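**Student:** For the protein sequence lines, the chains are A and B, in the order given.
For the first sequence, the residue numbers in the working numbering are 1 to 357.
For the second sequence, the residue numbers in the working numbering are 358 to 660.
No lab work stands behind these hints, which were simulated from the structure alone.
Model, not experiment: these values are computed from the prediction.
Any given hint could turn out to be false.
What the hints assert, rightly or not - Just some of the chain A residues that point at chain B, by a computed CB distance under 7 Å:
1. 38
2. 43
3. 172
4. 319
5. 321
Backbone N, C-alpha and C define an ideal beta-carbon position, used for all residues, glycine too.
Take a look at the letters that make up each chain.
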Amino acid sequence: MATETPFPDAAPKRGAGAKRTRKAALRLAGIALSLIVTLLGLIAITFFIGRVVPIDPALAVVGDRAPKAVYQAARVQLGLDKPLIVQFVNYVKAVATGDLGMSVSTGRPVLQDLKEVFPATLEMATLGILIGIALGVPMGVHAAARQGSWTDQIIRVVGLAGYAIPAFWLGLVGLAVFYARLQWVDGPGRVDIAYDGLVTPVTGLILVDSLLAGETEIFFNAIGHLVLPASILGFFSLAYIARMTRSFMLDQLAQEYIVTARVKGLPERIVIWRHAFRPILVPLITVCALSYAALLEGSVMIETIFSWPGIGNYLTVALLNADMAAVLGATLLIGMVFIFINKVSDALYNVLDPRAR
Amino acid sequence: MAFTDMRNWLLDESPASRRQARWGRIFRISLAFRGNALAMVGLVIVLALIAMAAFAPWIATHDPIAQDTYARLRPPSAANWMGTDELGRDIWSRVVFGARITLAIVILVAVLAAPAGLLIGATAGYLGGWVDRVLMGITDIFLSMPKLILALALVAALGPGIENAILAIAVTSWPSYARIARAETLTFKNADFIAASRLQGASSWRIVVGHILPLCTSSMIVRVTLDMAGIILTAAGLGFIGLGAQPPLPEWGAMIARGRTFILDQWWVATMPGFAIITVSLGFCFLGDGLRDVLDPKSGEKH
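Start from the sequences and build out the full structure, keeping to the hints where you can.
**Tutor:** Right under this line is the structure:
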C-alpha cells in the first residue's frame, strides 16, 4: 500500500474523510468479528473441559446401580449418544439461549444463580477499579515527573508488589489487621447478619438498593463491609495502572515538544498535565479496561476470603463440590465479560486515538 | 596476570574462534548484569530457592510431615523459627520443603509451555499464509481468556492434584510465548542466512528448529523468567482453594489455606508461607527485569 503514494497523508484529496470513516468502520467490524470468534472459542474450551471430566455425566444422573436401559435413556436424554460436533452445536445453542444447565449443589438453573451473584462481584470490582484509577494515575504521573526521587522508588516498589503478593494472602492479612486488630472495618460478608435480607434486591447492588429503600444505616454498614475487599482489589489495579502510567509518561516527557513547552517558560504543572498527560489518555483507557477485566477475574480469591456472595465464591464452592454445570457456567460468564471488556477497549482505542484511525 | 590475560581474551574485539566469541558474549552479559543491583538480588533469591530445594533435609530443622500435637500452634521461637501449625508441624521446615514443590511447578510449567509456544509461534511465523492465520487465531483466542479462571475450571474437570494444576497452568500460559516467537521469527525470516540454508536444500522443519528457534531463546528466557512470579501465584492460588497440591504436601498456598482459621490469633501459620511466596516472586521479577536489560534491551520498558 505504501508503494502507491509515498506520503498518503501529505495531500488529502476530496473524499479522504469518507475513506477514513469507512476504514474505521471496517476496523470496528473486524473487532466485532474477533469478539464473536473469541466467544465461540471460549464456548469451545468450556465444552472441551466439560468433556474431559472423568465422571460419566449420564452415570452421575442415574447412579451406578441403575439398569442398562435407564442408563441408555439418560444418555439419549443428555444428548451423549450424538456425534461430538452435534453435541457442540447443541451446546452453543443452549448457551446462546441462556440454558447453562442445573446446578447440583443449589438445585436451581445455573443462569438464575449467576444473575443473583454477579451484581455483588460487579459492585466490589467497580469500587476496586475506581480506587485503582483514582490513586494509580496520579501516582504514576508523579513518579514519572520526579524520576529517581524517593517517591518514585516507593511507587516502583508498590508496582512490583502487585506482581508478587498473592491476593488471598493480602486479604487474610488485611482481615487480621484492619478487622480483628484495629477494628476499622467490618468483617466478611456484604452486611451484618442483622441486616441480611432486609433490602429487597432491585439492581442487586447493595449500595444502590439500600439508598433506593432509604435505608442509610444499611448503606453505611455495607460500605464498612465493602471497603476492605475493594481496597485490596484496588491495590492490585493501582499497582498495574501506576506502573503503566509511569512508563507512558516517561515516554512522553522525553519528547522534544516537552522541551519546547519548557523552553517557552510554561509552568511545570501545565507541561505535565496539559502537554504530556493528554496524549497518554487513550492508552490509559485501555490499561484501565484491562485492569477492570483482571479484577473481575481476581475477585475469585478475594471473595473466598471475605465470604462475599459473588461469582467467585459461587465458583469456588462449585469447584469443591465438583458441580461442573455451575463451574462451566461461571467460567463462561466471567470469560465473556472479560473478553467483552477487552474488545470494547480495543474498539475505543480505535475510535478515540487519532493516530490509530 | 592470568586473570587480566583471561579478561583481555574474553573482551577481544575480534575473536579468533567461535568459542572465544561465545565466551566473550557471556562474559560481557555477566558484566552488565553484575552492575544491576536489583537483578543481583533477584539472582541471589532464585539461587537460594534452588539451594533450599536441593538441600532441604539439611536446612530444615524438623521433619515437615511429622505431627506433634503437644506442640501445636506455638509462636515463633528459637526451637521453631516460624512457629508450628495446628498439627504441631514446624512451619520453617515445611516452608523449606515447600521450595521443592514451588521449584518443580515453575520448572515443569516452563518445560511444557515454553517449547510448545516456541514451536507454534515459530512455525506460524516461518510458514505464514493460512497456517499462520489458523495458529495465531487459536493463540489469540487463548490469549484473551481469563487465565486463572480457565486453569480453575480445567483442574476442576481433571480432578484436584499437583500434576493437574501444573498441566492447567501450562495450558493457559503457552500463548504469550507463541506470540513472542512469531514476532521474533518475522524479524529474521527473510535474512540472508535463512535464504542460504534454504538454497542448500534444508527443510522448513530443519530451518525452524536449527536456525530460528535458537535465535528466539534469549527473549524467551526473559519472558519465562518474568512469568515465573505469575505462575507461582497461580499455583499457590490453586493450592489455597484446595485444587492444587494435596495434604500433607507442604505447598505454600495450601499452608496459607490451613492457617486461615487461625489468622486472628495464630497469625504466623498463614503469614509465614506468604512471605516465602512474595520473596520468591519478587526474586523472579527482579531477575527477569535484569535479564531483559542485558539480553533484550530493545523490548519492554526503557526506564
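**Student:** Please check whether residue 38 of chain A passes as an interface residue: C-beta within 7 Å of a C-beta belonging to chain B.
**Tutor:** Since the shortest Cβ distance to chain B is 5 Å, the answer is holds.
**Student:** Grab the minimum C-beta distance from residue 319 of chain A to chain B and call the hint holds if it beats 7 Å, violated otherwise.
**Tutor:** At about 5 Å, which falls below the 7 Å cut-off, the nearest Cβ of chain B leaves the hint on residue 319 of chain A intact, so it holds.
**Student:** Mind checking the CB of residue 43 of chain A against every CB in chain B and telling me if the closest is under 7 Å?
**Tutor:** 11 Å, violated
**Student:** Going by Cβ atoms only, is residue 321 of chain A closer than 7 Å to chain B?
**Tutor:** Constraint on residue 321 of chain A not satisfied, violated at 10 Å.
**Student:** Under the criterion of a CB-CB separation shorter than 7 Å, is residue 172 of chain A in contact with chain B as hinted?
**Tutor:** 5 Å, holds
The structure fails to meet hints 2, 5 from the earlier list, while all remaining hints are met.
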